[in-house]
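Colleague: What follows is each chain in one-letter form.
Number of protein chains: 2
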Amino acid sequence: MGIVVQKYGGSSVSDATSVKRVAQRIVATRKSGHDVVVVVSAMGDTTDDLIDLANQVSPLPPARELDMLLTAGERISMAVLAMAIGSLGHEARSFTGSQAGVITDAEHGRAKIIDVTPGRIEAALAEGAIAIVAGFQGVSQTTKDITTLGRGGSDTTAVALAAALGADVCEIYTDVDGIFTADPRIVPNARQIPRISYEETLEMAANGAKILHLRCVEYARRNAIPIHVRSSFSAKEGTWVVHADEVATMEQAIISGVAHDRSESKITVVGVPDKVGEAAGIFRALADAQINIDMIVQNVSAATTSLTDISFTLPRSDGQTAMSALARLQDSVGFERLQYDDSVGKVSIVGAGMRSEPGITARFFQALADAGVNIEMISTSEIRISVVVSEAQVDAAVNAAHAAFDLGTDEVQAVVYGGTGR
Amino acid sequence: MGIVVQKYGGSSVSDATSVKRVAQRIVATRKSGHDVVVVVSAMGDTTDDLIDLANQVSPLPPARELDMLLTAGERISMAVLAMAIGSLGHEARSFTGSQAGVITDAEHGRAKIIDVTPGRIEAALAEGAIAIVAGFQGVSQTTKDITTLGRGGSDTTAVALAAALGADVCEIYTDVDGIFTADPRIVPNARQIPRISYEETLEMAANGAKILHLRCVEYARRNAIPIHVRSSFSAKEGTWVVHADEVATMEQAIISGVAHDRSESKITVVGVPDKVGEAAGIFRALADAQINIDMIVQNVSAATTSLTDISFTLPRSDGQTAMSALARLQDSVGFERLQYDDSVGKVSIVGAGMRSEPGITARFFQALADAGVNIEMISTSEIRISVVVSEAQVDAAVNAAHAAFDLGTDEVQAVVYGGTGR
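As they're listed, the protein sequences go chains H and W.
Numbering-wise (the UniProt record's numbering), the first sequence opens with residue 1 and increments by one.
Numbering-wise (the UniProt record's numbering), the second sequence opens with residue 1 and increments by one.
Next comes chain H alone, as it looks inside the complex (with noise of 0.2 Å):
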């Protein structure tokens, strides 16, 4: 029997009967022959606590102090979690992301992981004992700091120990039974989906589906570890992430699931000179500005004026800034005017198996059009195609899609389709 990595989330944890669920639930994979390494998250609604707390000292708390802070909520978890399988007459051995050998950069709030040295986990496993490791921290390989790695840190913890430790799986456990074809609060019979590739999760993640984080899965599928994505709540299987030939065919629908977003803001730049090099100006003020851009659209130039417009999306915390920094290119570019929206959404479906199927984008289009929706923005990769909508025709969108593919079951999902922060 090999290692399991389990990574469970703040709200699997949130209080000490919880913490006693879980770590009955540890008890029963070591029971089961298992070396178990767990990652977990704070404890509920610790880390937002501790912000609070931060806020009333500081309009702006320095980045490492934060980190040094927001993982004392870590710190606590783990050691509950180890006292509490202690109770059950189970050695457990508590870790930071440091003792763990976690080592990242020195980029305080999003650190990237660039090592890992689970010597003393290892140890640990050696002697018999459950070790229970920090999720979202590790140590500065230049600075010897604490840091966090931000969104999604806790899942690439656990997948980052996984691979290091050459474990067998990485079990993350939430609130939800696994990965769905649609988000259950907008599509009422959205089915759990029993495996899928890194591929289409990365397409997923990138584009609204918030069980997973796509750093996890980039990690995951970098280093080949299958990830099961399963609820803390139950012993039923969840969903397998594993590599796209894993997948067998007669498993293999051609449009996985349907994901949307509504974080993101369209801005569209009105009358651009249809000259060389216009364009570039434009990106290179929004990249210097640290804004991440989603979707591009150029419009065909009309032939009679040899103006433009160009529309993009991006996050909608971004869009202030954006704005400001194209509104100081006016003169210099010489477009017309700009254009913010912020009531946009993005529909997504995702599928291997549209590769090998034509027709794939007609379908989509015409069960939007069925449905009244109008199409604002069109992006495809090769295994996504992506709408930017009104954010009010996002459910009618998801809905459309989901049903043109025959993607439900017939029977109504009851749970809350929720993600993990962090």
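Quick caveat, the hints were computed from the structure, so don't treat them as lab data.
No residue lacks a Cβ here, since even glycine has one placed at the ideal position from N, Cα and C.
Incorrect hints may appear among the rest.
Said to hold, decoys possible - Restraint-style ranges between C-beta atoms, simulated for each label pair:
{"hint": "1", "chain 1": "H", "residue 1": "Lys144", "chain 2": "W", "residue 2": "Asn223", "range": "49 to 59 Å"}
{"hint": "2", "chain 1": "H", "residue 1": "Gly277", "chain 2": "W", "residue 2": "Gln24", "range": "48 to 58 Å"}
{"hint": "3", "chain 1": "H", "residue 1": "Ala106", "chain 2": "W", "residue 2": "Asp15", "range": "55 to 65 Å"}
{"hint": "4", "chain 1": "W", "residue 1": "Ala235", "chain 2": "H", "residue 2": "Ala126", "range": "52 to 62 Å"}
{"hint": "5", "chain 1": "W", "residue 1": "Gly128", "chain 2": "H", "residue 2": "Ser87", "range": "39 to 49 Å"}
{"hint": "6", "chain 1": "W", "residue 1": "Ser87", "chain 2": "H", "residue 2": "Ala126", "range": "45 to 55 Å"}
{"hint": "7", "chain 1": "W", "residue 1": "Thr143", "chain 2": "H", "residue 2": "Arg328", "range": "51 to 61 Å"}
Using the hints, position chain W against chain H.
Modeller: For chain W alone, coordinates are given in the frame of chain H:
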């Protein structure tokens, strides 16, 4: 200007408002030209809350994990304090005990400092930053696990850092103005002591005075670190604890203060055969049960009986354990019976001046007699006389002693004489 180490207890950093006040005080010290190292305890009730949480998941939390859990408390307070200093325009960097180089043995919950290697603190000071260090914690030299130092641990951290850094002074901030001639809750006109020797402070601490812990004073004495005990709520000079020869003769009262202690019990072993080795057997059994004995009195045996009584005091919390250990000896030692009394109190007068002044004992005992206080046990050192009295008579005994040696002022203290747990 040299290095100043300041220690703030949990009551000085109980919430965001008090953290900001402490930050201003630290910055003022920095502005006056000193390098500042701050040792901080956990905020307010944090430690109690964490212990409650531990007890919710485990009846007997493993000591290693309890230390991991409790050290989250200082992690929070030190980061928040660093942020508050940052928002005043000064750079502050927080360090865990481990990062600050506080090396301990592996005795979780009551670790001893065996070395301090403050390289990172010195580097921070050299770069102009204020260093904030978590009190009460260190890292085990052998296991590399996080340890806590137990009661008085934060004060001891501060003094140990002051010694390792060659600081000019270790300032211990608390919620009272300094060390008093007696507890002002009992003696309303108790006087604040401006300067007192290490030796007297040790006797005061060992005999119930709660301002400074024994191990902290002992560490300071051994390393000749002046301690300045003062209030975090005022700018007044507090009490300086220094070498005896730095206490000017003209300042030196015969008696420096009156300490009292209500935390002990008295056990009397009645009718012990007056033979060689019997007492040794009794105290061997108590030592094996890890019980610290304070005062011991053996009655002169009446020649006619060849039986004697042995009385001793011990921490009340060890009472049951001691009685059980002794009861098991009854047959082998052959004593008559055991008496247990937990309604006793100890009152001590402490003063280096009593060395050269005859008649102190007589004056003390006469004052007690005049106040109607019955003396149950007596113990003396070169600079201290202690008596055990009935717990109900402790207040009367303290007041009588205080008045007998003219320790009071004409003013009545309004402050509350409290203590710090760490």
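Colleague: Against each hint, give a clear statement of whether it holds in the structure.
Modeller: How the hints compare with the structure:
1. H:Lys144 / W:Asn223: 49 to 59 Å: violated, 27 Å
2. H:Gly277 / W:Gln24: 48 to 58 Å: holds, 54 Å
3. H:Ala106 / W:Asp15: 55 to 65 Å: With Cβ atoms ~32 Å apart, the hint is violated.
4. W:Ala235 / H:Ala126: 52 to 62 Å: holds, 57 Å
5. W:Gly128 / H:Ser87: 39 to 49 Å: holds, 48 Å
6. W:Ser87 / H:Ala126: 45 to 55 Å: holds, 47 Å
7. W:Thr143 / H:Arg328: 51 to 61 Å: At roughly 58 Å between Cβ atoms, Arg328 of chain H and Thr143 of chain W fall inside 51 to 61 Å, so the hint holds.
In the structure shown, a violation is registered for the earlier hints numbered 1 and 3, in ascending order.
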